[in-house]
Amino acid sequence: MPTTLSAQDPEAAARPRAGDQQDRQRQAGYAAQLDGVSKSFGRPGARQQVLDGISLDVAPGEFVTLLGASGCGKSTLLNLVADLESPTEGTIDVPGGRPALMFQEHALFPWLTAGRNIELALRMRGVPKAERRQEAERLLTLVRLTGAYGKRVHELSGGMRQRVALARALAQDSQLLLMDEPFAALDAITRDVLHEELTRVWAETEVSVLFVTHNVREAVRLAERVVLLSSRPGRIAREWRVGIPQPRRIEDAEVSGLSVEITEELRGEIRRHGRH
Amino acid sequence: MAGTETERPPESGASPAGGAQKRDGAQGRDDAAELAGLEAGLDALDTRAQARIPLARTLREKALPPAVAVVLVLALWQSAFALELKPDYQLPSPLMVWDALAEEWYKGTILGVVWQSVSRGALGFLVALVVATPLGLLVARVKVVRAAIGPVLSGLQSLPSVAWVPAAIIWFGLTDATIYAVVLLGAVPSIANGLVAGVDRVQPLHLRAGKVIGATGLRGVRHVLLPAALPGYVSGLKQGWAFSWRSLMAAELIAISPELGVGLGQLLETGRVYQDMPLVLGAILLILLVGIGIELLLFAPMERRVLRNRGLLAAR
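Top to bottom, those sequences are chains R and D. Note that numbering that gives the first Met the number 0 has the first sequence beginning at 0, numbered continuously upward. Note that numbering that gives the first Met the number 0 has the second sequence beginning at 0, numbered continuously upward.
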């Protein structure tokens, strides 16, 4: 794949944005704001609290990872921000319009080709028919899948599927991209490559990212800010600003160093649950 | 990967000059090219090429076995005839059946008879499709409707539609309405149930993904729910056609009147009245051929296409 047009020419990849949504976000000063968000499941009497008093701002263009052990409600938190579920208490404000969401599974529609999957998202956004094809090809080039337009989902490898899913998420032209462990099911080398891709795409598109993972190194590798959640109920335990400059690698000494520190903290959080 | 290690050892990668957040200049371009190359390699390694199966092998594996089976059945039939297990007015030979059909052919009526039935079957099937599709969607998606008529709908599938013929004759007399009523009562439950099964098997993840990209309400039904349910829907259609055809034959066999014209069912009844066993067997053969023909020419390719597009047909 010799065409790395978008990697070299950020201008060509800069997406036309819905102006008023961007204005709203600029006025608000954040891409997402969670204020005292709690979530409980179950019937009264047998309620289980999953999230407790989460307050978090994601700045425009910021890359935040939410890190936590299983059962900390991090996926639930993303579903709340994506408006797939409603919080029991608290408010969530996403001024940039409906956020895009990427799942652990690619969630591409198997009855459509890769290109058509992207075009469906464009169509739902109201992009006129005449422009969809070109826009889909541009997004495929952005994730370095030039020529994959007519491929069926089952003909693509796991890494390629996730890249198409990323392109489809970007097709929503949302100011906020939510990612729910999108690389957890991939092998290590593919995951490394997709980390680099995501960092590049994020830098080129200026989208804000809220990325959920249980993988500490992945969190440090990608994020500007790592937010550690405690489990049952999920609360914000600690935050780190990651000052390590991009491009980073998962095996970099600085990434490892911070990962060790965060892992210690995470283990402490998990140990607390064994005590009672 | 060895080249990568020497170019960018972990120590140097952790602290590039200037601490710039976004990659720039020649370093960035090298990284991009290296990443593109790595990615292209991964894509190539991970993608499987699908070879086309040669025609000769398809014929050998798909066409030969049924042909052999037909020849065997004909041979058994012929030997039963030769052994005179039954008198020939009860058990005619294959050739006698062929002659009976040929005679009908020379009378010039047989195509009209087949067309009469096929056109009725097709029209009944199309009307059933139009009725059953919204019905199936309602049952699948609206809880109250499912609780109310879901069990009845699946129960109706096990009711032989011939049971409706007497009721239909009392309601509509010996008219086309009777025949279509029986066909609809036979086909609508299968098509609707197929659609319900298809919708039930839709992955929740696809519905959520649809919601995320903004395919909600009717747009969600059109762009996500229906296409996702298509495999179940198509097998419902296939079964719906089989039920239409069966019900039609039952109706034609019983509802006989000059105004109704002559279909394959009536031809069968004529054969019975005249004790003409070759004609009876010939009519049965025609009914079977039409049923199988439409299944093979229309529904089987449709189903194969739907499954192949989704990669569900690969390893067979």
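Hints in this document: simulated from the structure, not taken from any laboratory. Glycine included, each C-beta is placed from N, C-alpha and C at the ideal position. Take these hints with a grain of salt, some might be off.
Claimed, not checked - Computed cross-link-like contacts, SDA-like style, restricted to lysine to any residue with a CA-CA straight-line distance of at most 25 Å: (1) R:K150 with D:V201; (2) R:K150 with D:G270; (3) D:K85 with D:L63.
As the list claims (entries may be wrong) - Rough simulated footprint, nothing fancy, chain D against chain R, three-plus residues with beta-carbon under 8 Å: (4) 33-43; (5) 58-69; (6) 129-143.
Claimed, not checked - One-sided and incomplete, this derived list gives chain R residues near chain D with beta-carbon spacing under 8 Å: (7) A81; (8) L83; (9) E88; (10) T90; (11) I91; (12) R97; (13) A99; (14) L100; (15) F102; (16) R124; (17) V126; (18) S156; (19) Q171; (20) E195; (21) R224.
Verification of the supplied hints:
1. A threshold of 25 Å between alpha carbons decides the hint, and for K150 of chain R with V201 of chain D the separation of about 22 Å falls inside it, so the pair holds.
2. For the given pair, K150 of chain R sits about 56 Å from G270 of chain D by alpha-carbon distance, which is inconsistent with the 25 Å threshold.
3. In summary, the hint linking K85 of chain D to L63 of chain D is not supported, as the alpha carbons are separated by about 32 Å, beyond the 25 Å threshold.
4. Beta-carbon proximity to chain D at under 8 Å applies to 0 residues in the stretch 33-43 of chain R; the threshold of 3 is not reached and the given coverage is violated.
5. Here's how the stretch 58-69 of chain R fares: 0 of its residues keep a CB closer than 8 Å to some CB of chain D, so the rule of at least three is not met and the hint is violated.
6. Only residues whose C-beta sits within less than 8 Å of a C-beta in chain D count toward coverage, and the stretch 129-143 of chain R has 1 of them, not enough to reach three; the restraint is violated.
7. Using the Cβ-Cβ criterion of 8 Å, the hint placing A81 of chain R at the interface with chain D is satisfied: the shortest such distance is roughly 6 Å.
8. Using the Cβ-Cβ criterion of 8 Å, the hint placing L83 of chain R at the interface with chain D is satisfied: the shortest such distance is roughly 6 Å.
9. Below 8 Å, beta-carbon pairs count as interface contacts, and E88 of chain R has none with chain D, the closest being about 23 Å; its hint is therefore violated.
10. With a least beta-carbon distance of about 21 Å to chain D, the hint placing T90 of chain R at the interface is violated under the 8 Å criterion.
11. Among the interface hints, the one on I91 of chain R is violated; its C-beta lies about 15 Å from the nearest C-beta in chain D, farther than the 8 Å criterion.
12. Proximity of R97 of chain R to chain D holds as hinted, the smallest CB-CB distance being about 6 Å (cut-off 8 Å).
13. The closest approach between the C-beta of A99 of chain R and any C-beta of chain D is roughly 7 Å, which is under the 8 Å cut-off, so the hint is satisfied.
14. Because the closest C-beta pair between L100 of chain R and chain D is about 4 Å apart, less than 8 Å, the hint holds.
15. Checking F102 of chain R against chain D: minimum C-beta separation of about 6 Å stays under 8 Å; hint holds.
16. This hint holds: R124 of chain R has a C-beta 7 Å from the nearest C-beta of chain D, less than the 8 Å allowed.
17. The interface hint given for V126 of chain R is broken, as the beta carbon of that residue sits about 12 Å from the closest beta carbon of chain D, more than 8 Å.
18. Of the supplied interface hints, the one on S156 of chain R holds, with its beta-carbon coming within about 3 Å of a beta-carbon of chain D, less than 8 Å.
19. For the restraint placing Q171 of chain R at the interface with chain D, the shortest Cβ-Cβ distance is roughly 6 Å, inside the 8 Å limit, so the hint holds.
20. Because the smallest distance between the Cβ of E195 of chain R and any Cβ of chain D comes to about 5 Å, under 8 Å, the interface hint for this residue holds.
21. Violation of the interface hint for R224 of chain R is found here, the shortest Cβ-Cβ separation to chain D being roughly 13 Å, above the 8 Å cut-off.
In summary, the structure is inconsistent with hints 2, 3, 4, 5, 6, 9, 10, 11, 17, 21 from the numbered list given earlier, while agreeing with the others.
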